[in-house]
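Enquirer: The lines below spell out each chain.
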Amino acid sequence: MSARPGERKLAHLFQPGRLGRYRAPNLIKYGACCVSNYNTRDGFITPRELARTRVIAGTGCGIITNQGAYPDPKGEGKSYFRQVALYDDKFLPQFEVIARYIHDAGAIAIQQILHAGRYGGIDLGYCVQPSVVPQTLPHFRPPREMTKDDIRRCIGEHADAAKRAIRAGFDGVEVTSFMGYLLASFNSKFTNQRTDEYGGSLENRGRFMRELIDSIKQALPEHPLVVRLSGAELMDQWGGNTEDECFELMRQAAGRGVDMISVTVGWQEAPESSIGRDVPPGHWNRLAIRAKQECPATLIAYGNRLPDPVMANECLGKGEFDYWEVCRPLLADPELIHKAAEDRLHEVRRCIGSLNCLSRVFRDLPYSCTMNPALGHEVEPEYAITPAAVKKKVMVIGAGPAGMEFSITAAKRGHDVTVYERGERIGGNLLGYAAHDLARPDDLHSVVRHYEVMAQKLGVKMQFKTEANPKFMRSVLHQYDVCVVAAGARVDMDAYAHVEGRERIVDALDVAAGRVTVGKRVVVLGGNKVGLVVAESLRKRGAEVTLVERGKRIAEDVMPTFKWRHMSWVEELEIRTLTLTRIVRITADGAVVADAKGAEIAIPADTIVAAGPRRSNQELFTDFEWMVDELHGCGDALMPRGLDAAIHEGYRLGVRV
Amino acid sequence: MLSPVIERSTTGKWQRVLDRHPDLFAEVTPGASIAIVARHSQGADGRRRANVMPVTDLVPMLTWVREPQGMMAREGEFRGLKGLASDVLLIAAEGALEAALAHDHPLSELKRQLRNGKMLFMVMRTRDELRERGWSDFIETLGLPFLGTCR
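If you're matching them up, the sequences are chains W and G in order.
Per my numbering: the first sequence = residues 1 to 657.
Per my numbering: the second sequence = residues 1 to 151.
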């Protein structure tokens, strides 16, 4: 069979590979980067998980790693609320189904064993570690030191779980030390302070890993073993391993005959970011390159902050590593590999690195994806895009993410969709947000580009510079069956009606969109997401900025995994922040605010920017109520929230109309 | 040279810092405390070491302890993690505490240091116990719930 056009372009990525005695159709490994939390509290795989895994199996990856299962009956290794277990044969039937799905798709099936160690014991009052080193994150359990008997038992449980995975039909297993799990905490001198043969020197600290590898390899000599190891813990300033030590541990693993090393970066507790949106793609590639140099005879898989198949193809071509390991980009778009193979990369819905997936997992919720509203709902027919029974003419008010997500979903179902947008292009308020984003604006622009490409491909008609109002609606009366109001939200300027000098206040969304120019000294009213983005951007561009927030804290509406980033920017940029403070009046010299005790503070400023509260643009619901058969709304037009809610609501409405 | 955190002058300075933030510690229960040690100190053998490691010698320590009159800065001795009665341990990199005290807003500086790794925060109790002992506001203010989770 001749190669598809994208396979010829990305020839390195799509060349066949091997893992042990198994042949992989390409050099792409689906990484078990994120536990789904879709399963039962006692470790059984659910239909929801099976449906999700079927999608994963169909991604087109040459190797599929199934998410990490904890190997011990006590649950000391259990890190996530609804994590799967593999400590007993009673769990096997569902693993057999998953292995079959993966094989049916033509991929090598790997089962990950995840003993979370320091981050485990979620149902217990403790976690286990090589030594008692207290937690640095309150989220996790107090540690208990493992005895030598515990260590021996733990290694045995890993080997038993590995054998069970093979019995279920998997081809190989993976043991993970990702982000500080048990294996990592034995390897690291931050958490391993033992004085016996398992602690102290690098040789001793690596003993647990070597015994673990030996135990599994002896039990399963014919089956490949993958080990995930840190190329950099990012914990060295707190006594963790240096990069040199990390690579020495990799050499130890390679020396023990592991078939593949998957290179990871960072610990949960590390003081710097490793996989978030603020880390540029390719940033950590050097670690994979070094791993390949240090362990030339061992396959190296790598993918941390490497979401782009084109970049991965180049790296593979240069021999920097052997397999591209990818997960989150395939959560965002399970068709990524197929689109790459068909030279349709421009249609890919990119992972924007919001870490919504992990934010939810660490709140003990099932993971979801900002960009893929169907993720986790594969088992529910209601979330599937199916041909509409009645093809309708649909008008959409607003070309922001909610309106566009609805439009492309409805168009895929066969509806005839026209979008009316008062601006000149797709994007809505996301464009302003992207223009001022300090992390990685291209991630947010990619959302806009995706909608532009898909609207064109699906024949969604775009009518720009069109203000939707009753007069306009009368002009198109009876032309549409459905109207969807996705007009977003605005800053509620009425909230400042009582403020003396309110006419001097400008709207943060106008500032973000470039419709208003601000001065050199700016007061931003509202420490929410909108206010923060505007304040940070203006400060970065040289303005003197004061952030005034009525509440106790700033960033209350920011996704948990990104709050720290905004807090950090506010501090780094030295943005003066006044919480529990309200605006009193505005004068020609600036703003006068009052703190919680009522004490007034004058802040010299030439521009006062209102960033909150926000108010939904809901007026059209009333205006259009008697003018169209079906009237719906989605996104911020219903209630001001964010990108995640906009996309998900747009999709849910799109599959239903 | 031993850590400057035990010097009387700095204890007094930290007391003034605590006095500026009574709201932050309003819910903290009597007897609850935070211990602060410098990351490196010299042992009797003259070798420097990180205090995350087990210690056998006494290391000077600052504590913020809740007393009837409010949050008080006290001097103490760190004997290692196992013997520590405090609820929270802050381990400061060299110069971090001095830098915080020199700052107009020392607690803001501590927060910044937590983010950039100049200060390590260790919890000696469970999350629920910390909440019951009134540390929620302090922990929230330092931004600790937002750290971690695969950044």
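Treat the hints loosely; a few may be bogus.
Said to hold, decoys possible - Dumping the calculated DSS-like pairs for lysine-lysine here, alpha-carbon to alpha-carbon at most 25 Å:
#	chain 1	residue 1	chain 2	residue 2
1	W	K412	W	K339
2	W	K148	G	K111
3	W	K471	W	K392
4	G	K82	W	K552
5	W	K90	W	K163
6	W	K217	W	K90
7	W	K391	W	K318
8	G	K82	W	K540
9	W	K540	W	K597
To be verified - In silico negatives: residues of chain G with every beta carbon more than 12 Å from chain W:
#	residue
10	R16
11	P68
12	R115
13	G143
Claimed, not checked - A short list of chain W residues far from chain G (calculated; beta carbon distances all over 10 Å):
#	residue
14	F81
15	G125
16	P142
17	D160
18	R210
19	Q237
20	A513
21	V516
22	K520
23	R553
Just so you know, the hints here were simulated from the structure itself, not pulled from any lab data.
Beta carbons: idealized from backbone N, C-alpha and C, even for Gly.
Enquirer: Please go over all the hints and tell whether each is borne out by the structure.
Expert: How the hints compare with the structure:
Annotation: proposed proximity of K412 of chain W to K339 of chain W holds, straight-line Cα distance about 17 Å (limit 25 Å). Between K148 of chain W and K111 of chain G, the direct Cα distance comes to roughly 39 Å. Violation of the 25 Å bound is thereby established for this hinted pair. At roughly 23 Å between alpha-carbon atoms, K471 of chain W and K392 of chain W fall within 25 Å of each other, so this suggested pair holds. With a C-alpha separation of about 36 Å, the suggested pair K82 of chain G and K552 of chain W falls outside the 25 Å cut-off, and the hint is violated.
Taken as a hint, the K90 of chain W and K163 of chain W pair is honoured in the structure, with Cα atoms around 14 Å apart against an allowance of 25 Å. For the proposed pair K217 of chain W and K90 of chain W, the alpha carbon gap of about 24 Å is at most 25 Å, so the pair holds. For the given pair, K391 of chain W sits about 51 Å from K318 of chain W by alpha-carbon distance, which is inconsistent with the 25 Å threshold. Pair hint K82 of chain G plus K540 of chain W does not hold up; C-alpha atoms about 46 Å apart against a cutoff of 25 Å.
Distance check on the hinted pair: K540 of chain W and K597 of chain W sit about 32 Å apart at the alpha-carbon level, beyond 25 Å; violated. Chain W leaves R16 of chain G outside its interface by the beta-carbon criterion, the shortest separation being 20 Å against a cut-off of 12 Å. Under the 12 Å C-beta cut-off, the non-interface status given to P68 of chain G relative to chain W holds; the minimum distance is some 24 Å. For R115 of chain G, the non-interface assignment is contradicted: its Cβ lies about 5 Å from the closest Cβ of chain W, within the 12 Å cut-off.
Not every Cβ of chain W is farther than 12 Å from the Cβ of G143 of chain G; the closest lies at roughly 5 Å, contradicting the non-interface assignment. Residue-level check passed: F81 of chain W sits 14 Å from the nearest beta carbon of chain G, beyond 10 Å. With a closest Cβ-Cβ approach of about 7 Å to chain G, G125 of chain W is found to fall inside the 10 Å limit, against its non-interface label. The non-interface label for P142 of chain W is inconsistent with chain G: the shortest C-beta to C-beta separation is roughly 6 Å, within 10 Å.
Against chain G, the non-interface label of D160 of chain W holds: every CB pair exceeds 10 Å, the least being about 28 Å. Listed as a non-interface residue, R210 of chain W keeps its Cβ farther than 10 Å from every Cβ of chain G; the least gap is roughly 24 Å. With a least CB separation of 5 Å from chain G, Q237 of chain W falls inside the 10 Å interface cut-off, contrary to its annotation. No beta-carbon of chain G is positioned within 10 Å of the beta-carbon of A513 of chain W; the least distance is around 29 Å.
A cut-off of 10 Å between C-beta atoms confirms that V516 of chain W is not in contact with chain G; the least separation is 31 Å. With a minimum CB-CB distance of about 22 Å to chain G, K520 of chain W clears the 10 Å threshold, and the non-interface call stands. The beta carbon of R553 of chain W sits about 7 Å from the closest Cβ of chain G, which is not more than 10 Å, so the claim that it is off the interface is violated.
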